[in-house]
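Listed here are the chains, written in short residue letters.
There are 2 protein chains.
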Amino acid sequence: MSNPITKLFNVEYPIVQGGMIWVSGSKLAAAVSSAGGLGIIGAGSMKPDVLKEHILKAQSLTSKPFGVNVPLLYSGAEEQINCALDLGVKIFFTSAGTPKKFTAYLKNKGAVVVHVTSSPELAVKCMDAGVDAIVAEGYEAGGHNGREEITTMTLIPQVCAKVNIPVIAAGGIATGAGIAACLALGASGVQMGTRFLMTKESSAHENFKNLALQSLPHSTQMAMRSTVPVRLLNNQFANEIKKIEETYTGDELKTKLTEHLGKFRAMNGMHKGELDQGELEIGQVVSLIKSVPSVAEVMRELIDDYQKTISRLPKNLSF
Amino acid sequence: MSNPITKLFNVEYPIVQGGMIWVSGSKLAAAVSSAGGLGIIGAGSMKPDVLKEHILKAQSLTSKPFGVNVPLLYSGAEEQINCALDLGVKIFFTSAGTPKKFTAYLKNKGAVVVHVTSSPELAVKCMDAGVDAIVAEGYEAGGHNGREEITTMTLIPQVCAKVNIPVIAAGGIATGAGIAACLALGASGVQMGTRFLMTKESSAHENFKNLALQSLPHSTQMAMRSTVPVRLLNNQFANEIKKIEETYTGDELKTKLTEHLGKFRAMNGMHKGELDQGELEIGQVVSLIKSVPSVAEVMRELIDDYQKTISRLPKNLSF
Chain A
10 MSNPITKLFN VEYPIVQGGM IWVSGSKLAA AVSSAGGLGI IGAGSMKPDV
60 LKEHILKAQS LTSKPFGVNV PLLYSGAEEQ INCALDLGVK IFFTSAGTPK
110 KFTAYLKNKG AVVVHVTSSP ELAVKCMDAG VDAIVAEGYE AGGHNGREEI
160 TTMTLIPQVC AKVNIPVIAA GGIATGAGIA ACLALGASGV QMGTRFLMTK
210 ESSAHENFKN LALQSLPHST QMAMRSTVPV RLLNNQFANE IKKIEETYTG
260 DELKTKLTEH LGKFRAMNGM HKGELDQGEL EIGQVVSLIK SVPSVAEVMR
310 ELIDDYQKTI SRLPKNLSF
Chain B
10 MSNPITKLFN VEYPIVQGGM IWVSGSKLAA AVSSAGGLGI IGAGSMKPDV
60 LKEHILKAQS LTSKPFGVNV PLLYSGAEEQ INCALDLGVK IFFTSAGTPK
110 KFTAYLKNKG AVVVHVTSSP ELAVKCMDAG VDAIVAEGYE AGGHNGREEI
160 TTMTLIPQVC AKVNIPVIAA GGIATGAGIA ACLALGASGV QMGTRFLMTK
210 ESSAHENFKN LALQSLPHST QMAMRSTVPV RLLNNQFANE IKKIEETYTG
260 DELKTKLTEH LGKFRAMNGM HKGELDQGEL EIGQVVSLIK SVPSVAEVMR
310 ELIDDYQKTI SRLPKNLSF
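Respectively, the protein sequence lines represent chains A and B. Just so you know, we're using the numbering used here here: the first sequence kicks off at 10 and counts up by one. Just so you know, we're using the numbering used here here: the second sequence kicks off at 10 and counts up by one.
Next up, chain A with everything else stripped away, as it sits in the complex:
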């Protein structure tokens, strides 16, 4: 059997590590790529000089391909893209913006382009814009999220039915069984954020990882639905946001949310380990994760668990 995702990226396993601001730097991306997956540097939180440093570092740590994730809503997106292109990066994951903006530009430079979507309709727009593959990310995913609230279970088959390019499933996946489920639903590969956040090599602060280890199935919530929906780990900041959402409506709500969000919340929470007042972006599947191993261990376990899952599935449903 062949696989369109491993072919597209020239990797061994159809497993992508999601680009995460403040969490996925050179160390994590290189570890994932070295282990046979596709590592991604999350450029969203990096000024060009920092991004350059991370790309050069990753190139020194692994000979395998890796990518860069660029959220297009930030003003620095173009500079980040050119910085990565100049350093020879050939794989771009774009998100949080229109796929029309940079796809043709990147393709002309010989790059592989993947865009992150949360709805089948946007997936079609991505295909029309000429991307090579799509990440279809469900409601359970951590961080910024679609307004449509379409879960991975219902999103993947609908995206697969609408496009004729490879689909990478994301949202709620942290095990080999989860990978098998997504391939069953029609995806060709998976992207995992939270599972790789919870590894030794990620740049998430130790405090954040330790708090996440204690999480329960309802320990995340979708916050700021009325402005910029984002899935957060429950903490004081998330509860304050919830309180504001329960108290105000309309424009007043939006103003209060923007004021309360302020600046540097994500950096303070995820990277500096400020657990009360920081913003802790994480996926709903976090409560399934009970340890912080190395990336190599995670990858081995995923591969093993996938094989075990497939071998225990009945060939047909008649008993």
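Derived from the structure by calculation, the hints contain no laboratory data. One should not assume that every hint holds.
One copy or two, it doesn't matter: identical chains are merged, so the pair holds either way.
Claimed, not checked - Below, simulated DSS-like cross-link-like pairs (lysine-lysine); rule was C-alpha separation at most 25 Å, straight line:
{"#": "1", "residue 1": "K299", "residue 2": "K171"}
{"#": "2", "residue 1": "K218", "residue 2": "K317"}
{"#": "3", "residue 1": "K16", "residue 2": "K324"}
{"#": "4", "residue 1": "K118", "residue 2": "K134"}
{"#": "5", "residue 1": "K218", "residue 2": "K281"}
For clarity, every value in this text was computed on a predicted model and none was experimentally measured.
With the hints as your guide, set chain B onto chain A.
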């Protein structure tokens, strides 16, 4: 291979038709059971005399086992349970209440008891109460829904990790691929509501089925989060609810929602086909469904699609 769900219910396929108020009467339940699954009469919307009529009718239509779903939040629950017991029903799905209330009583009468849950914590309580199996229902499911918003993809493995009784996955499943995904995640069987609502034999009004056929991936919404969360098909009533939710907060919000809900919304919408002012409960997966076939056709397609899905899954992830 053997299967704990087919054994428990003495059926051929580990496929349960979800009990749905105003939708799953004798005709639907008997058709599903005759086709080798487990049909369920949704007693929630039935007075005892109507329930009796449906049970007797179903017994005349099929020789196969079928069950009754009893939402425990209604005052008539005990009467419904005794009515079904008197008529020889041996399979009970209870929901919307504590599993402690009737499980021992039903088990003493020799019945099989299954309770519907939306969180791993409640699943453990169900096991402790002595139920025979659990339905674990994700955020994408139609109708009344948990506050925790745990999606099927993250719920199933966490419930399976917590309990040592069989788990039936629900929420977002409408195809054989979806069944394969849920078995991969650790479930022993599946419950499908929306897929069976969209059949010739269901008692959903034709207007409702026709509107549902036109739905898009974002055509459902979770309404009344602050009172009784319920997933609805978008219509005028659902939009009015949304408007109220965007306008009021706190106790005023709860009062306005209760007032606006009024009575008979579900009957008027789902059973009488009042598309503007009725309440149309349906799952997010509805937009994947493009036809209203017979139950027998649905079952054949599910079995075929499952087999095809399993045969196309790679044995291991290395390419």
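For this session: Check K218 against K317 for me: Cα-Cα at most 25 Å, and say if that holds within a copy, between copies, both or neither.
Result: neither (28 Å within a copy, 40 Å between copies)
Problem set entry | Within, between, both or neither, where K218 and K281 count as close if Cα-Cα is 25 Å or less | Within one copy, since 11 Å is at most 25 Å while 52 Å is not.
For this session: Using 25 Å as the alpha carbon limit, work out where K118 and K134 are close: within a copy, between copies, both or neither.
Result: within (21 Å within a copy, 58 Å between copies)
For this session: Go through the copies and call it for K299 and K171: within, between, both or neither, with a Cα cutoff of 25 Å.
Result: between (36 Å within a copy, 14 Å between copies)
Exercise. Is it within a copy, between copies, both, or neither that the alpha carbon of K16 lies no farther than 25 Å from that of K324?
Worked result: between (28 Å within a copy, 18 Å between copies)
Checked against the numbered hints given earlier, the structure breaks only hint 2 and satisfies all the rest.
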